[in-house]
Amino acid sequence: MPEDLNWAIGGEAGDGIDSTGKIFAQALSRAGRHVYTSKDFASRIRGGYTAYKVRTSVDRVESVVDRLDILIALTERTIDENLAELHEGSVIIYDGERTTMQDVEIPEGMVGLDVPLKGLAEDAGGAIMRNVVALGAACAVADFPIENLDESLEKHFGDKGQAIVENNEEAARLGQEYVEEEFEHAFDYDLECTDADYVLLNGDQAIGMGAIAAGCRFYAGYPITPATEVMEYLTGRIDEYGGTVVQAEDELAAINLALGAARSGARSMTATSGPGIDLMTETFGLVATSETPLVICDVMRSGPSTGMPTKQEQGDLNMTLYGGHGEIPRFVVAPTTVAECFWKTVEAFNLAEKYQTPVFLVSDLALAVTEQTFPPEAFDMDAVEVDRGKVVDEGEVEEWLDDQGRFRAHAATDDGVSPRAFPGTPDGAHMTTGLEHDELGRRTEDTDVRVQQVDKRNRKVETAKAEEEWDYREFGDPAADTLVISWGSNEGAIREGMGLLSEEGIDVRFISVPYLFPRPDLTEEIRDAETTIVVECNATGQLADLIEHDVLERVERINKYTGVRFKADELAAEIEAVLEPEEVQA
Amino acid sequence: MSSEIRFTDFKSDKQPTWCPGCGDFGTMNGMMKALAETGNSPDETFIVAGIGCSGKIGTYMHSYALHGVHGRALPVGIGVKLANPDLEVMVAGGDGDGYSIGAGHFVHAVRRNVDMSYVVMDNRIYGLTKGQASPTSREDFETSTSPEGTHMPPVNPLALAFSAGATFIAQSFSSDSQRHTEIVQAAIEHDGFGFVNVYSPCVTFNDVDTYDYFRDSLVDLGETDHDPTDASAAKEKILEGGETEYAGIIYQDEGSVPFEAQEGIEGPMHEIPEGAPPDATDLVREFY
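Heads up: the protein sequence lines correspond to chains R and B, in order. Using the numbering used here, the first residue of the first sequence is number 1, and each one after it goes up by one. Using the numbering used here, the first residue of the second sequence is number 1001, and each one after it goes up by one.
Please keep in mind that the hints were generated in silico from the structure rather than gathered at the bench. Incorrect hints may have been included.
Coverage of chain R stretches by chain B, computed from C-beta distances (three or more under 8 angstroms per stretch; other residues unrestricted) [claimed, not checked]:
1) 56-68
2) 92-104
3) 258-272
4) 377-383
5) 422-430
Note that the coordinates shown come from a computational prediction; the quantities given were computed from them, not determined experimentally. Glycine included, every Cβ here is placed at the ideal spot set by N, Cα and C.
Here chain R stands alone, though its shape is the one from the complex:
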């Protein structure tokens, strides 16, 4: 486990927690340190506890842990909410002059730093900068060169003018000096800087950037936590590349807008969360049966119904695999890291267009709201490939016309994939429909044609199974007795948890599965292992069920559905607990 520092700022929604946390994370990233962030937040604009947490190390960090070293507490509740993670020696920075903080009690063994955040901010030019004063104080505690904050403040406040930037820089210094002068305490943190260059981004942004890189030019969506940031990222940026973002009146419209744009030939996508997928399911079958390439992104959150909108869950696997009436060919791809959000988005567009089939891109809240550092090469644009599949132009249309000169948009080819003529292509005019149709796209209930068209659509999936790679990602000791399987954002926590287990003498083979349909066959891997444990953030074990169905063997399960993502140390303990009974028997 990397030598790390765990830092947080917490208060009420509306206190500027998010942007303050981001400024600190950015500063750490600019100083060549790795960062992994998380948020505690509620679905409201003001009021309610909220916190932004930063874990940082010179080594890669991939998870949150149950430990908090420095806490900026703007409210008393912030301390209460984090009692389990605070430990002896944890530093709590607070403003004892704030009315609500006057009676605050610092738990025994912890170090309370009472810093007049508001007063010092006023000295620097305005009370609004009190959080930045706190950042300066934190820099003093962590022995983190305050110059690193300046670049981050510039980035954040630059468009508000140089005076504002300088006031903030001053506010940070006042906080730093106050701690250095007023407190004798020696803190044993030393936030080392490196020459490494990192970029800092979250999963929603990575999906948006992947979409532009892949040539997506049309996005339609309806705001919903935690997918909104995909739309916000694309707004203003996709326009620079000749595209557009449409905010629809609802998710029913969003998917139909995206479908229309895809029929026009644009690479097109929509993103939403579970409740939006419910609505989009109405049109999902049409997308598939009209053989329209479309990327539908589900950034999962806790359900069912409105559930816990700002909480983590991986509960939509079954819906993305089976949603919609009738039998609908599809692909289901689920990135396992923030960087993979980028690459799987690129892949999703290629799959959609090569096979003229809808692709579910399944992300989750933990990926969406986590800001994580990566070397910029992790997003190497030269490695982005665009495969548009069987698009036919004016010259090629002819070979796909029937004897009466009509374009066979649903031609039953050997590989199942038909030619695709964008509207405007001479002689390519054709219709398509959600009704069963013939090769020309015209309604039919002819039994032979029905079977021909169902088979050709399913054949595309068979072709894709044979032609594409549906590999898993593998970590740890391939010969280990214990096999851990997971999907989605849990990858980071499991990888770090493996480090902890290894210190206990437990070796683990870890398979992280980014393809849910089609998916890799894990029969051999599971038979080779003594114990297989499937880890996922849901109550029923949807991936575990799939695996048992595929392999016809029982697996152990670790499920978490509190709404909070897995933590590395917690997970290591749970895996150990699963293994322990067997050790006793032996």
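We have chain R; now place chain B onto it with these hints.
Relative to the frame of chain R, chain B by itself:
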């Protein structure tokens, strides 16, 4: 090019399965004629249709077309047009498709004012499901699902459009072929969302809103001194109750600027590089 296009070029070789005498024949003929008259070709035209008797229209016409999900034809049409503004996009639907299940989309499509046309075959009945009340059915109209009438006032689609900020509102009658064609043509030519409600009688399930009824009660505004650019005159006609029905262009905002022009959307979006765009690395740099 336009001189070579004939309206029969927009006809497919599928024979309509509408009931003999259905208003939709006339509605569709007018659409095809208007498309030809405005110089469009089937290869540059995209028709979107919803579900219901009206929804079958994509099958009987020849163009690029999608027959989609009930009520969602408008968002599809908007998506098609925004991704390729060079296409002529026409959305066809019925009163159930547009004013019931798709009513939400209708309001927002009107607001968005994309340069396309929307032709609604309004027969004030659900025909394909064999005669249930539609959103435009009269309050006392008795059907299999409303044996004592609907107990609800009918939707006034023109008022709905007007209140949502429509830039073109027209009404026509499917059996008045020449006028209907002229009106649809004006909707196509309008710079924005051209909305035409077409009285398209159902001869099988609606014995109230018949050809005779419309012929007797329709007043063609083209034969009056009505000025469609006069919003308050238009409002008066739209909200006027009673037995008078109006045909013709009821309202047109001549200063209409389509959504796509306001958004700066220009060419088709289907042409993209074979890899990431040349300057895509700038996107990564933003995250430093």
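Outcome of the hint check:
Under a criterion of three residues with beta carbons nearer than 8 angstroms to beta carbons of chain B, the stated coverage of the stretch 56-68 of chain R fails, only 0 such residues being counted. Proximity of the stretch 92-104 of chain R to chain B, defined as three or more residues with a beta carbon under 8 angstroms from a beta carbon of that chain, is not established by the 0 residues found. Residues of the stretch 258-272 of chain R with a Cβ under 8 angstroms from some Cβ of chain B number 11, which satisfies the need for three, so the listed coverage holds. Restraint check on the stretch 377-383 of chain R versus chain B: 3 residues with Cβ-Cβ distances below 8 angstroms, three needed, restraint holds.
For the stretch 422-430 of chain R, the stated coverage by chain B is satisfied: 9 residues place a CB nearer than 8 angstroms to a CB of that chain, which reaches the threshold of 3.
In terms of the numbered hints stated before, the structure departs from hints 1 and 2, listed from lowest to highest.
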